[in-house]
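Student: Using the sequences and the hints, build the whole thing.
Each chain is listed here by its residues.
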Amino acid sequence: MKFVNLVLKSVRRNKRRTTLTVLSVALAVFLFSALRAVLDGFDAVSAASSATRVVTVRSTSMIFSMPTSHEQTIRSTPGVEDVTWANWFGGIYKDPKNFFGQFAVDPVSYLRMYPEILLSEEDKKAFIEDRTGCIVGDGLAKKYGFKLGDKITIQPGIPVYGSQDYEFTIRGIYRAGSSAVDNQSMMFHWKYADERSTPKAQVGWYVTRVSDPDRAAKIALAIDQQFSNSAYETKTDTEQAFSAQFASMLGNLNLLLGSVALAVVLTTLFVAGNTMAMSVRERTTEIAVMRTLGFRAATIFSLVVGEGFIVAIGGGVIGALLARAIVNAESLGLAGGFIPMFGVNNRNVLVGLGLSAFIGVAASLIPATMASRLKIVDALRRVA
Amino acid sequence: MGLIGSYNLRSMIVRKGTAAMTAGGIAMVVAVFVMTMAIAQGFRGALVASGSNDNAILLRKGATSETVSGVLRSQLPLIEAMPHVARTADGQPLASPELVVIISLPRKSDGNPANVPVRGVGPRAYQVRNTLKMVEGRQFAPGSREINVGRQAVNRFGGLTMGSELKFGAATWTVVGIFTADDASFESEVWGDVDLMQPAFQRNGYQSVTVKLADPSAFESFESAVVADPRLDLKPSRERDYYEGQSSTTGTLIRIFATFVTSILSIGAVFGAMNTMYAAVAYRTREIGTLRALGFSRLRIISAFLAESVALALVGGVIGCILALPVNGLSTGAMNMTSFSELAFKFRVTPGLLAGGMIFSAFMGALGGLLPALRAARIPVARALREI
Chain R
1 MKFVNLVLKS VRRNKRRTTL TVLSVALAVF LFSALRAVLD GFDAVSAASS ATRVVTVRST
61 SMIFSMPTSH EQTIRSTPGV EDVTWANWFG GIYKDPKNFF GQFAVDPVSY LRMYPEILLS
121 EEDKKAFIED RTGCIVGDGL AKKYGFKLGD KITIQPGIPV YGSQDYEFTI RGIYRAGSSA
181 VDNQSMMFHW KYADERSTPK AQVGWYVTRV SDPDRAAKIA LAIDQQFSNS AYETKTDTEQ
241 AFSAQFASML GNLNLLLGSV ALAVVLTTLF VAGNTMAMSV RERTTEIAVM RTLGFRAATI
301 FSLVVGEGFI VAIGGGVIGA LLARAIVNAE SLGLAGGFIP MFGVNNRNVL VGLGLSAFIG
361 VAASLIPATM ASRLKIVDAL RRVA
Chain L
1 MGLIGSYNLR SMIVRKGTAA MTAGGIAMVV AVFVMTMAIA QGFRGALVAS GSNDNAILLR
61 KGATSETVSG VLRSQLPLIE AMPHVARTAD GQPLASPELV VIISLPRKSD GNPANVPVRG
121 VGPRAYQVRN TLKMVEGRQF APGSREINVG RQAVNRFGGL TMGSELKFGA ATWTVVGIFT
181 ADDASFESEV WGDVDLMQPA FQRNGYQSVT VKLADPSAFE SFESAVVADP RLDLKPSRER
241 DYYEGQSSTT GTLIRIFATF VTSILSIGAV FGAMNTMYAA VAYRTREIGT LRALGFSRLR
301 IISAFLAESV ALALVGGVIG CILALPVNGL STGAMNMTSF SELAFKFRVT PGLLAGGMIF
361 SAFMGALGGL LPALRAARIP VARALREI
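Going down the list, the sequences are from chains R and L. Here the first sequence stands for residues 1 to 384, where the numbers follow our numbering. Here the second sequence stands for residues 1 to 388, where the numbers follow our numbering.
Think of the hints as simulated: they come from the structure by calculation, not from any bench. C-beta atoms are modelled at their ideal positions from N, C-alpha and C, and glycine is treated no differently. You may find that some hints are simply not true.
To be verified - Derived contacts from chain L toward chain R, CB cut-off under 10 Å, selection only:
#1 Ser-69
#2 Ala-89
#3 Asn-115
#4 Phe-219
#5 Thr-332
Tutor: Below, the structure is given as C-alpha cells:
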C-alpha cells in the first residue's frame with residue numbers, strides 16, 4: 001500500500017500519453033458495454049416471458065391465419081385458464097419507414113392476459129368502449145409525439161385488410177411492466193379490422209394461460225393434437241421458446257457481437273500494452289537505480305502492473321459511465337419492431353470495469369516482466 | 001526524400017516491438033471493418049444478384065414488396081400479350097406469375113424453426129431467370145406436386161435433400177431438383193408450380209409477374225404501356241432496382257452497426273498510434289535537431305514523420321485485410337425485414353472493400369501521426385541538440 005504514491009507518480013509522469021491511453025480504454029469499455037447491452041436486451045425478452053403463457057401459431061408458418069373457432073377448442077383443453085388472440089396488422093403510418101408493431105387484439109381478454117401492459121383504469125375503460133380506439137406504448141408515443149385523444153391514420157399493408165385507410169383514436173398510453181411487453185407497439189380492436197377483412201374471422205395467433213407452468217409443454221401438445229390433420233394444424237410453444245426463436249431469426253447475433261467484442265478487447269490490449277512497454281523503457285535507468293537501492297524484483301513487477309491497472313481502471317470508469325449515460329432506451333430510440341429495448345445496466349457497467357481491470361493487468365504483464373528482469377549493470381551503463 | 005525516408009523506415013525497424021503493437025491495434029480495427037462490411041456486402045449482393053436488368057417485375061400500385069402485392073389471374077394474359085415481353089422460339093411469352101409464402105423449417109445449425117420462402121412460379125420461370133442452373137435432378141414438372149430447392153436452402157434447413165418429401169399447405173411435395181443462382185437470394189428459396197401453390201395456400205391470384213423484356217432498353221415504353229392500361233392497376237420496376245430496394249432495410253441496419261463499431265474502435269487505435277509516434281519523436285529529439293541543423297526543412301520533417309506513421313498503419317492494414325480474408329465465402333443467414341424470411345448469403349470480401357480497408361488504415365495513420373509530426377517540426381534546433 002505504501003507504494004500507491006509511487007505508482008500515481010509514474011502515472012502522471014507523461015500526462016499526454018496517460019490521457020490517450022485512458023481514453024482508448026474508455027472507448028473500448030464503452031463499446032463493449034453497449035454490445036453486451038444489446039445482447040442482454042434480447043435475453044431479457046425471453047427471461048421476462050411468462051412461464052404460464054403459451055403461444056399457438058399455424059404449423060406451416062406464423063404468417064398464416066386460423067379461424068376464430070379454434071378459441072373454443074383451446075379454451076376447453078384441460079389446464080387452460082384463459083385465451084386471447086391477436087393479428088399482425090403490418091400497416092403503414094405516413095411512410096413505410098415508420099415501422100412499428102400494430103396488433104389487432106381482443107381488448108378485454110388481451111389486457112387480462114398481459115398485466116404487464118400498464119394502463120390507468122380510465123384509459124383502459126375508454127379503450128375498451130371505443131371500437132376505433134387504440135393504445136400505444138410510451139416509447140412509441142414519445143417517438144411520434146402521440147397524445148391522448150389524437151387521431152391517427154394507418155394505411156393497411158397486407159391485402160387481407162382491404163385498401164381503405166384505418167382511422168384510430170388514441171385512448172391510452174401504456175407503460176411496459178417488463179421486457180415481455182414492447183413499449184413501441186400499438187394495439188387496437190380486432191373487431192375493427194375484422195369488419196373490413198376478407199376472409200373474415202381470422203386469427204394470427206392465440207395466447208393461452210395455463211394453470212400450471214410445469215405442465216405447459218404437455219398442455220401445448222394437447223392443444224396441437226386437437227387440430228392435427230385439420231386444415232389448420234397448429235404449433236404451440238411456451239412464450240419463452242417463441243421469443244427465443246424470434247431472436248434467432250435475426251441471425252447469429254451472439255457470434256457476430258461476440259467476435260466484435262473480442263476484437264475490441266484485442267485492439268485495446270495492443271494499445272495499452274504498447275504504452276506500458278514505452279513507459280518502462282523510458283524508465284530503464286530509474287528502475288536500475290531502484291533495484292540498486294534494494295527494491296526487490298517482485299516489487300518492481302507489481303509497481304508496473306499497478307500502474308497499468310490504474311490507467312486502465314481510470315479508462316474503464318469513464319467508458320462505463322459514459323455508456324450508462326448515453327446508451328439507454330430513452331436516448332437512443334433505436335428499438336422498436338424486431339429489436340427489443342436495450343440499455344446499459346449496472347451489470348454491464350460492472351462487466352466493463354472488470355474488463356478494463358483485465359486489460360490493465362494483461363497489458364502490463366510483459367513490460368513488468370521486462371522491468372523486473374533488468375540486469376542492473378547493463379541498465380545503468382545504458383544511455384537513454 | 002531518399003535519406004529521410006530510409007531514416008524513418010529504419011527507425012521503425014529498430015523499434016519493432018512498439019511498431020508491431022501499434023500495427024496490431026490498427027490491424028484489428030481494419031479486420032473488424034472489413035468483416036462487418038463484408039456482411040453488408042454479402043447481404044446486398046445476394047439480393048442485387050436476384051435482379052436482372054433484362055427483366056421487369058410488376059407489383060400492385062403502391063406495394064413495396066411481393067408480400068403485400070396482388071395481381072389478378074385475369075391480368076396475366078393482358079401482360080403476356082404485350083409486345084414488350086420477350087418470347088420463346090415457339091412464340092410463348094417469357095413471363096412468370098409468382099406467389100411467395102413463408103413456411104417454417106428447422107434450421108440445421110440449432111434446430112430452431114426458420115422462415116423459408118416458398119415461391120410458386122410459372123412454367124417458363126427458368127427461362128425468365130436464366131441465372132438459375134440445376135446442379136442436381138431436374139426442373140419440377142408443371143402440374144405436379146414437385147419442387148426445386150436452392151442450394152443454400154438445402155445446406156441451411158433440414159429435410160430438403162433430393163428426393164425428400166415435404167409437407168406444407170395440406171399437401172406433400174417431393175424435391176426433384178436442386179439449383180444454384182449465382183449466390184442470389186433465390187438460393188434460399190423453394191420453388192414449385194404457382195397454379196398448385198395457390199389452392200394449397202388458399203390464395204386467389206398472384207403477387208407479382210416477372211417478365212423478360214424483348215428490348216431491355218425499352219423499359220420506359222413498357223412502363224408507360226402498363227400504366228396506360230386501365231385494366232392493370234400495376235406498376236413495373238426494373239427487377240434489379242426492385243431487389244436493390246429490398247436489401248435496403250436490413251442492409252442499412254448492418255451498415256450503421258458496422259460504422260458505429262469501427263469508428264469508435266478506430267479512435268482508440270488512432271490514440272495508440274499517436275502514443276507511439278509521440279514516443280518516436282521524443283526518443284529522436286536529438287536526431288531531429290541534427291537533421292534540422294543539416295538544413296532539412298520543417299515541412300520535410302513533418303512529411304517524414306507522417307510517412308512513418310502512415311507506413312506503420314498500412315502494415316496494420318495489410319495484416320487486418322489478411323485476417324479478414326478467411327471469412328470470404330463463409331455463408332450465414334439473416335432475416336430480411338422486408339420479406340420476413342431468412343436469407344442465406346455469403347460474406348463478400350471484395351477488392352473494393354480491401355482497398356477501403358487500406359485507405360481507412362492510411363487515414364488512421366495520418367491522423368495519429370499528424371500532431372506528433374508537428375511537434376517534431378517545432379522543436380527548436382539548439383535545444384534539441386543539447387539534449388542527451
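Student: Now tell me if each hint is right for this structure.
Tutor: Comparing the hints with the structure gives:
no., hint, result
1, Ser-69, "8 Å, holds"
2, Ala-89, "37 Å, violated"
3, Asn-115, "6 Å, holds"
4, Phe-219, "24 Å, violated"
5, Thr-332, "7 Å, holds"
Hint check: violations occur at hints 2 and 4; the rest are consistent with the structure.
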